[in-house]
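Between the sequences and the hints, there should be enough to build the whole structure, so can you do that?
Number of protein chains: 2
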Amino acid sequence: MSDQKTSIDFYFDFSSPYGYFGSLRIEKLAVQYGRTVNWHAVLLGPVFKVMGIAPIANVPLKGEYSHHDMERTARFNNILFKRPDVMPIASQHAARAVLWAQKNDAAKAVNLIHTLYSAYFTENIDISKLETVLRIAGDVGIDEDKLTTALNDDAIKDALKAEVAASIERGVFGSPFVIVDGESFWGFDRFNQLEVFLKDGKI
Amino acid sequence: MSDQKTSIDFYFDFSSPYGYFGSLRIEKLAVQYGRTVNWHAVLLGPVFKVMGIAPIANVPLKGEYSHHDMERTARFNNILFKRPDVMPIASQHAARAVLWAQKNDAAKAVNLIHTLYSAYFTENIDISKLETVLRIAGDVGIDEDKLTTALNDDAIKDALKAEVAASIERGVFGSPFVIVDGESFWGFDRFNQLEVFLKDGKI
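Each protein sequence line maps, in turn, to chains X and R.
Residue numbers for the first sequence, in UniProt numbering: 1 to 203.
Residue numbers for the second sequence, in UniProt numbering: 1 to 203.
Accuracy of the hints is not assured; some may be wrong.
Because identical chains cannot be distinguished in the list, a pair is counted as satisfied if it fits within a single copy or across any two copies.
[As the list claims (entries may be wrong)] Restricting the straight-line Cα-Cα distance to at most 30 Å, the calculated cross-link-like pairs of lysine-lysine (DSBU-like) are:
id, residue 1, residue 2
1, 202, 157
2, 202, 49
3, 62, 202
4, 5, 146
5, 5, 199
6, 62, 161
7, 199, 157
8, 199, 28
9, 49, 62
Because the hints were derived from the structure by calculation, they are not lab data.
See the structure below:
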């Protein structure tokens, strides 16, 4: 028997501010408790359809509150954050770029995740646009020509569909969503429970 | 000018486990920071209709997760909790009883809130039933005959409708929901932010 600990599955949608907050903390938690992170860029649209719900920003009352909450939660946690003008955005180009990068250079893929999130949630850069995703990928050292070709291929679309379907199969319905050792945690506000679970192996 | 601090408005639905968790902590927070609590028993049904959403327990995927989350959150916070067989329940009798009690004996009304919540979330007692609400009210020293008369009168129904309408007017859309000095906090998981706000006057 190996005493190798399993990885932390971290699911997120690039459109999700709480996913962004989580992305800034998950690696530190992983390192602290001897784990690694499996990053899963997913799209919440399909699962929201299954659930019959809308993105939080589009729900009456909750939408307005959520704008305030995300800014306050960022301040509370000392996270750099500027609410983008447009929320939510279509995030499939960003998610597909990450998926392709993960198959080619895992370290660059993680860098791409952080850089895309930072562009959207600290610089108000619209990462729904294909050309923006390609430029940012280039900035982190990913081959833009190869990525362009890949993103125009149906294979990457199918791969993302499969990733999203697999996430729904595992019960993922929000962002961030963490699964480790069979235990699921939805929301950045469950990271305190996640930490205790990583530390003690139970709650 | 008075340096009297304003009260904390605490909104909750008797059907909400997170409202129950909040009800166990809000008075301690209030006392600690020189505040008092204004308890508002509301019904979330009307506002959920405005928002186009369903009670969390009835939403696919989220419903199953929420059962696990409420039990884990209770353990995490050392709160006595037993998930009731039926969730959500109709909570208008309980809410009306509280509203009536608040006009007659505020201390007993607070006791009624805690006792109703405890019956439902630690003893699996169905507090949707009028006779159960009356019995529990009697247990905390409220005159059952007077309460019975009041609950059969349209005045108390109108009073609860007005309370619910006023809560929606203030943007209340969940349970627990706290408003203090114009700042809104939705969810038991925002009590850490609420505490900092009470302590520092800002976040």
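Quick rundown of the hints versus the structure:
Proximity of residue 202 and residue 157 under a CA criterion of 30 Å is satisfied in neither setting, with 38 Å inside one chain copy and 46 Å between copies. Within a single copy, residue 202 and residue 49 get their C-alpha atoms no closer than 32 Å, and across copies no closer than 38 Å, so neither meets the 30 Å cut-off. Only between protomers do residue 62 and residue 202 lie at most 30 Å apart by alpha-carbon distance; the minimum there is 21 Å, versus 32 Å within a single protomer. Taking CA atoms no more than 30 Å apart as the test, residue 5 paired with residue 146 passes in neither setting, with 35 Å inside one copy and 62 Å between copies.
With identical chains, the CA atoms of residue 5 and residue 199 are at most 30 Å apart within one copy only, with a shortest distance of 12 Å there and 40 Å across copies. Taking CA atoms no more than 30 Å apart as the test, residue 62 paired with residue 161 passes in both settings, with 29 Å inside one copy and 21 Å between copies. With identical chains, the CA atoms of residue 199 and residue 157 are never at most 30 Å apart, being 38 Å at best within one copy and 50 Å at best between copies. Proximity of residue 199 to residue 28 under the C-alpha cut-off of 30 Å is found in both arrangements, the shortest distances being 13 Å within a copy and 29 Å between copies.
When the C-alpha separation of residue 49 and residue 62 is checked against a cutoff of 30 Å, the pair qualifies both within a copy, at 18 Å, and between copies, at 13 Å.
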